[in-house]
Amino acid sequence: MSKLLVPASSKVLFLGNEAIARGALEAGVSVAAAYPGTPSSEVIESLASVARERNVYVEWSVNEKVALEVAAAASFAGLRSIAVMKQNGVNVASDFLLHLTASGTRGGLVLVSCEDPGALSSVNEGESRYFARMLEIPLLEPADFQEAKDLTKWAFELSEVIGNVVMLRSVTRMSHASGNVLCGKLPARSRRAAFRYDGPIMDSQAGPMISTPVVAKHLLHQDKLQDAVALFEKSPFNRYTGPARPDLLIVTASACSLYAHEAVEMLAVEKRVGILKLATTWPLPPKLLTRHLQAAKKILIVEEVLPFLEESVKILAAGLSADIRKKPHFGKLDGTLPQAGELNPDLVAAAIGKILKVKLQKLPASYAAEAAKASALVPVREQTFCAGCPHRASFWNIHNAIALDGRDGFVCGDIGCYSMAALSPATGYSTMPTLHSMGSGTGLASGFAKLAPFGLDKPILTVCGDSTFYHAVIPALINAQHNRADITFIVLDNAGTAMTGFQPHPGLPVSAVKETVPAVDIEAICRAIGAEVEVSDPFDLDRTSKILTRFLSEKGRLKVLILRQACALSPEKKGKKRFEVAVDETLCVGEACGCNRLCTRIFRCPGLTWDRTKKKAVIDEVICAGCGVCALICPQKAIVKTDLSVSPS
Amino acid sequence: MKKRMQKTEKNVILTGVGGQGNVLASRALAGMLVDAGYVVTIGETFGMSQRGGSVMSHLRISPDEVKSPQIPKGRADIVIGLEPVEALRVLAVYGNPSTVVLSNNRPVYPIGVITGELSYPSMEVIRAEFQRLSASSRMIDATGAALEMGNPVLSNVIMIGALAQTGLLPIDRKMFEKEMNKTLSADKLAVNLKAFDAGVALMK
Amino acid sequence: MAKGLSAQAKLKKQVLEQSLCTGCGACVGLCPYQVIHADRTVQLFSCDLQEGKCYTFCPRTSVDFDRIRRILYDSKDITAQIGAVKGFYLARAADPHLRAKAQHGGTVTALLQLAMEEGLISAAIVSGQNEEGEPEGRVIDKSSELIRYAKSRFTVSPTVAAFHQMPDGFGGKLGVVATPCQATAFAKIRTSDIEGYAKGQSLGLVIGLFCGWTLSPEKFKHLLGQYDLTYEKIIEMDIPAGRSVLSLKTAGSDVEIPLSEVDACVRTACRYCVDSTAELADLSVGAARYGGECCEMAGWNQVIVRSETGAKLMNLAGAKGVVEILEAPAQAFDALKAAAAEKKKKGLKAITIKTGSAKKLLYLSSDDPVVKAYLKG
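Chains as they are written, first to last, in the working numbering: chain W, 7 to 655; chain A, 8 to 211; chain U, 2 to 378.
If you're looking for bench data, these hints aren't it; they were derived computationally from the structure.
Given the structure is predicted, the values throughout are model-derived calculations rather than measurements.
No residue lacks a Cβ here, since even glycine has one placed at the ideal position from N, Cα and C.
No false leads were slipped in.
In silico lysine to any residue, SDA-like type, Cα no more than 20 Å apart, as pairs:
hint	chain 1	residue 1	chain 2	residue 2
1	W	K9	A	K189
2	W	K552	U	E137
3	W	K230	W	V220
4	A	K80	W	A274
5	W	K622	A	S129
6	W	K621	A	G119
7	A	K80	W	Q367
Covered stretches of chain U (in silico footprint by chain W; criterion: 3 or more residues with CB under 8 Å from a CB of chain W, positions within the stretch not fixed):
hint	stretch
8	24 to 35
9	39 to 46
With these hints in hand, go ahead and build the complete structure from the sequences.
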């Protein structure tokens, strides 16, 4: 039995995202849709693993907007549904979200946004909390694993009370942290779907689901939000711990409340500091806040990343009595805490220590000095493409084609593991000077390709992953074709959404719940758009380079190269070596003229290291994935590969 | 069932490189302790685990309280290294004079070392640093033992076995077997138990 | 420790960026960092070695040319205008069939065939074309195949790269046919003093070709396009004596392109060249023409025998009767010297205009006696 389906009263270790999934199951969720994105993906993966047992429809949608639309349809039909995404996914979904908040919802609809303060696995640390304020929907933030489950369950109920979508925000340190959770009951029966739309236009339960008449519906929406505020005032999820009249009140939410508790403990100031942990961070419950602001001498707001909560508290305080207004408020706006990056107990302890003039007990100075010395010995570990990663070979080909062409062409990057081509440590041949949101590489390339009359006449290339292709690239590709943008568009097709853990995408004949579904062919789409399409294996360096060289030399049209090779970590490849690879030391030239360590200095595969004593390249059998590409690039043929798929006869 | 453990909390950091099975090991460890009645919090940094980066799990083991998923600097009680410089990297930030270190001795070279721009300290240097910065430290050839068993990734389970043998945490083979039984098939369970035993043996 | 520029970076700065690259291939085929593509020398990846064979062998990096002359030739044979001269002849292949297939007298092919048949060399590197029609060096080890490469294309192929790519274990001696720049590269290779590098010893015979300039294939391809021609359609190219046209023989009618148009397609690097007779070869061969008004002995070659090796081969060819040899008239010798001197003056002038100083001569040194003689000129 899946851990997710343990009976009520079981105590289990859940990942934050698993706790959210269990909460949704306890709420009787019927439909779950998402686009994968770290740190959010495990919510849907968990739900997919029990979809059959719990009669839940679970899908990986093509992008976050469609995921929210799929979930909203279920809500309109009276079912409870959930849409899950990472922070920037909310931006993608936001156009629909605006209209959804205006039409309202029926069955409980929860939008889960798992955010990444500090960008531990993102190329942004964007905030979606502001969407809650901007679009006037309740915002809930769990502060531990139990709450992640319980608050999720409650979010569905709240959504049905106010007839609108509720946003639940998690962060990496919640979603990807684990802790004990006491499970509740799973409902015995699931709801039946029925969509009514024949009632009066203002009837939220039986009328059409539209945003007009806009102003009337907007007023209704705002009225209902006040019902949420009333519930927030009494919510057990908002908790205060500490003295009745604290010297310092910390207002906090999410993982930050754990940091705050830890920091107070580290400084041993439990008797002076109170912590108001809010789970309902927008709209704020004004009475609850006022009570606590009144009782405290000073106020510190602890949150990630921007001063969202702080602004709300200050706006509230501005309307309160003069003695509250005059109390010192510390937070991000005054620089007590940073407005960028994630927080941790040490940063919060330092902030509290500064305000209360309390010193943190430190390690002996001699130890700190030794530790600093040890730190200096430790080499930085930069991210890189894995051993056997097809992207290393793809960018080798791309780099070479650009170099041979000689006109300083460049690659507009996109979001995926291949984004690392923008970092020089990943390979010795970086070619990617732009990196933005999903699909932006193709849009930017389409624009760059139009700058020749203004003096920028270079070959423009762009890359995207297979999953990204479906998510956001297709419109940009159509734009390029229609507007005659001369670009070389390369799909790095590694047969799955590799970066986030091999979720299937529309190009694969398998669904989130492992059913057989129609695959949508990238090649056919590109041909239908009117591009010239070639398909190659990036490990076939010769053929791939030739195609790319030809594409760069042929001007005036959209050219598509699909590079197909499964990710080295994909389930079908992981742990299985295609080739046994070894270095023939007698042939390895090493640092001498004629090679100068092309493999380790330039190609940079973690499975191929440099023996400093022998001054020879050496295969690390533990790391090597057996792709055999290094054997192709070795000028001396000193890297020898033996095909393991051919059994010796 | 609940073994004796000091009333105070324990902070454990399990560190390594993407692909070494760090996340699995920390969850297995935490699963055992939750079953034993502890409140465990794991904070994981694994977003970049697939791309050769450092991977670190913070385990907070408490009799009664959910702790921050990030251990404050200088407050690790136990550092378990699946990779030696990663153990040193963590020790230098989270260690204190009473920290205990248990580390695999097999390097996974960072790309900067492979290119020749950076250097990787020798095992002697690493061992000396461990000694300077900890109350006690031990390095074992977990990857070597795993390779003998035919799969280098088993080194994570070998490290769990070795950790159990130290007696620093209230875990044992029976608890490990129960935990693995939750998810693994019979043949995989057998391999993992063998790896656990190999870890125990390395510490004897 | 502050490092200086790498050999590769110096090559880029001093040769490639100065438009001095002749496309000879001397820096290619030694390593994976440099390749020739579409007649351009491309540095694919950066190499950080301070010393590299790429830089050392390049005919356009500065070197003590006097030292090379002293190693390869008898000092008494050295002339300022056309390098070492042991003998000067008119020659042509004895085989009329070969003459018909070759440029001018077919002497080069006849000499190579002989050298191969007599075991003086076991293979030869000549100019050919790859599938894409780009010039490349071809290794030929059957004397009967040599005739297929007997025509001039007026381009430089990266022949030296083909030499570099020969396996180290190659046992026998190699013969090469080289333009002056390539002959310079081969001379640098033969006389180099690099630890662990002995491949220069396998060069058994360097036959130089007279050369006034070569074409940039890319530019020339474009020009041919204007005449509705492609490289593939051309059977033979020549500049008929006394006429300012490039004559192209095709399967259809012949085409003549005025040299003024062709001039625009001349490789920039050729304008800075001061060697028209392949001075650093074992023997050098060109069309037999002499006198300012250009009388031509149609179907004959002029041959400058420069080294011992060259002399031996020429004697053998005469003795075996594979080459018909005539003593060249003094008038021809003087005319050749005068033309070579003119090329030197022109090249040096172009260099001084480029650098703005008679002291800065790029790959040449103002101390070199040959350079000195023509610098003022």
